[in-house]
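Heads up: the sequence shown at position 36 corresponds to 40 in our numbering, and the numbers run straight through without jumps.
Please keep in mind that the hints were generated in silico from the structure rather than gathered at the bench.
The structure displayed is predicted, hence computed values, not measured ones.
All C-beta atoms, glycine included, are put in the ideal place defined by N, C-alpha and C.
One thing to keep in mind: the hints can contain errors.
Okay, derived cross-link-like pairs now, DSSO-like style, lysine-lysine, Cα gap no bigger than 30 Å in a straight line [to be verified]:
id, residue 1, residue 2
1, Lys93, Lys28
2, Lys39, Lys28
3, Lys39, Lys115
4, Lys115, Lys23
5, Lys23, Lys93
6, Lys28, Lys94
7, Lys115, Lys94
8, Lys115, Lys28
9, Lys39, Lys94
10, Lys23, Lys39
11, Lys94, Lys23
12, Lys39, Lys93
Beta-carbon label-pair distances, calculated as ranges [claimed, not checked]:
id, residue 1, residue 2, range
13, Ala103, Arg79, 16 to 26 Å
14, Arg40, Val126, 31 to 41 Å
15, Gly26, Asp134, 13 to 23 Å
16, Gly136, Tyr72, 34 to 44 Å
17, Asp41, Asp110, 22 to 32 Å
18, Arg42, Leu102, 28 to 38 Å
19, Arg40, Asp110, 35 to 45 Å
20, Asp74, Pro137, 21 to 31 Å
21, Arg42, Val122, 32 to 42 Å
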Amino acid sequence: MGTLVEDIFLPAIDLAVEKYFGVKVEHLMPRRRVKRDRRILVEVDILALAGDLAFVVEVKASPDRPEYVDDFLERLVRLSEYLPEIRGKKLVPVYATLAMAENTVDLLTSKGIYAMVVRGDVLEIVNFGDLGPVR
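Taking the hints into account, I'd like the entire structure generated from these sequences.
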């Protein structure tokens, strides 16, 4: 189910980034993984690079578990160790799903993570008004 939801977000993530952040995505990498000895060291569902910004998109089929948010935050800290393409860039964390509970949006907002959902045929960052553009 997870990759199916990722496939819904992938074709429009560049449009959403341009709409909300005013930058054009130069490189879009779905399922960016780093493996060593057949073991996955790090995995990013969608990585979108735009100038000095790196949008790290975590896509969830069942998003309303606080431990998933904590896990995402922990992985963000280690990403630059494994992904040379994001070194020197500002990380913009995005937690994406088809729909999420308001308490999950509140949790993401408190952690500085953008909450993205599908509304009709458009990707919407539902807490953009609270977080604003990248600083």
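**Prompt:** Checking against the hints above, which ones are violated?
**Reply:** 10, 16 and 17
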